[in-house]
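Q: Please build the complete structure, drawing on both the sequences and the hints.
Going by our numbering, the sequence shown opens with residue 18, and the numbers climb by one from there.
If you're looking for bench data, these hints aren't it; they were derived computationally from the structure.
Keep in mind that the hints are not guaranteed to be accurate.
To be verified - Subject to a maximum C-alpha distance of 25 Å in a straight line, what follows is the list of computed SDA-like cross-link-like pairs (lysine to any residue): (1) 114 / 171; (2) 114 / 30; (3) 56 / 171; (4) 114 / 215; (5) 103 / 147; (6) 181 / 129; (7) 114 / 145.
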Amino acid sequence: MSKIYPYQPVLLRILHGAIALLTFAALITGFMVYDRFDKRFGTLSLPEIPNSMGIHGTIALTFLIVLPIFALYCFHLGDRRLVQAKTLSNLTAEVGKPVWWISLQRLVNTCILLSATLAVITGRMMQEIWLPNKDLTQVWYSGHLFSWALMIVSIAMNLLMNAKIGGWTLLLSIYNWKVRAEDTPQKWFERLSLKPSSMVLLVFEALVLIGIALAFVLPLFASS
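A: Next comes the structure, spelled out in structure tokens:
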């Protein structure tokens, strides 16, 4: 692999590609639903798409199914890209230095997982009749809007951090499909570590995985 492009593991590229595609599809269809029923914070007056709410819901459900797999990868194979024990101290004591930017990138990556978890919980708790009935003050709907706003900001910051740290080569490396001979499923499991690298990371993993579990379970007890 050329030194110009950092090498990204195949499993990361597959999962990152899937979650990125679903995220942008959910954002687009979610905005279509907002633009049709809400419009409180501005509108693009998009053409009305039949069953846009159903399309968004289908994409969101697929996102929910893929999210725990992606999260487990992040916490057990890609944990060096997430918050570490020294991240906070680096952010306060090493301002402007390379380690500060890397620490900020790790914080942003973790924030993406948290905002995605909040999005699936709040989205699953919404009722389809709220928006057509202009019932826009429901807590779950407000939380859903907030989670996706946080997701958009986090994704934008993620792109900026990657560009700052590694430039275009790092940004494009996730979409480079060259494969090293040693990057095989057997090697993935050999690198798998069930023990979290820090207590901080364990807390965030618990928040994300419990949140995802709640997204599956809570709607079963929700009143219609």
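Q: Now tell me, hint by hint, if it's right for this structure.
A: Tested hints:
1. Between the alpha carbons of residue 114 and residue 171 the distance comes to roughly 21 Å, so the proposed pair stays at or under 25 Å and holds.
2. Distance restraint check for residue 114 and residue 30: the Cα-Cα separation of roughly 28 Å exceeds the 25 Å cut-off, and the hinted pair is therefore not satisfied.
3. Straight-line distance between C-alpha atoms of residue 56 and residue 171 comes to about 23 Å, which keeps the hinted pair within the 25 Å bound.
4. Between the alpha carbons of residue 114 and residue 215 the distance comes to roughly 23 Å, so the proposed pair stays at or under 25 Å and holds.
5. Distance restraint check for residue 103 and residue 147: the Cα-Cα separation of roughly 44 Å exceeds the 25 Å cut-off, and the hinted pair is therefore not satisfied.
6. Only pairs whose Cα atoms come within 25 Å are accepted, and residue 181 paired with residue 129 is accepted, the gap being roughly 18 Å.
7. Between the alpha carbons of residue 114 and residue 145 the distance comes to roughly 48 Å, so the proposed pair goes past 25 Å and is violated.
In this structure, the hints that do not hold are numbers 2, 5, 7, in rising order.
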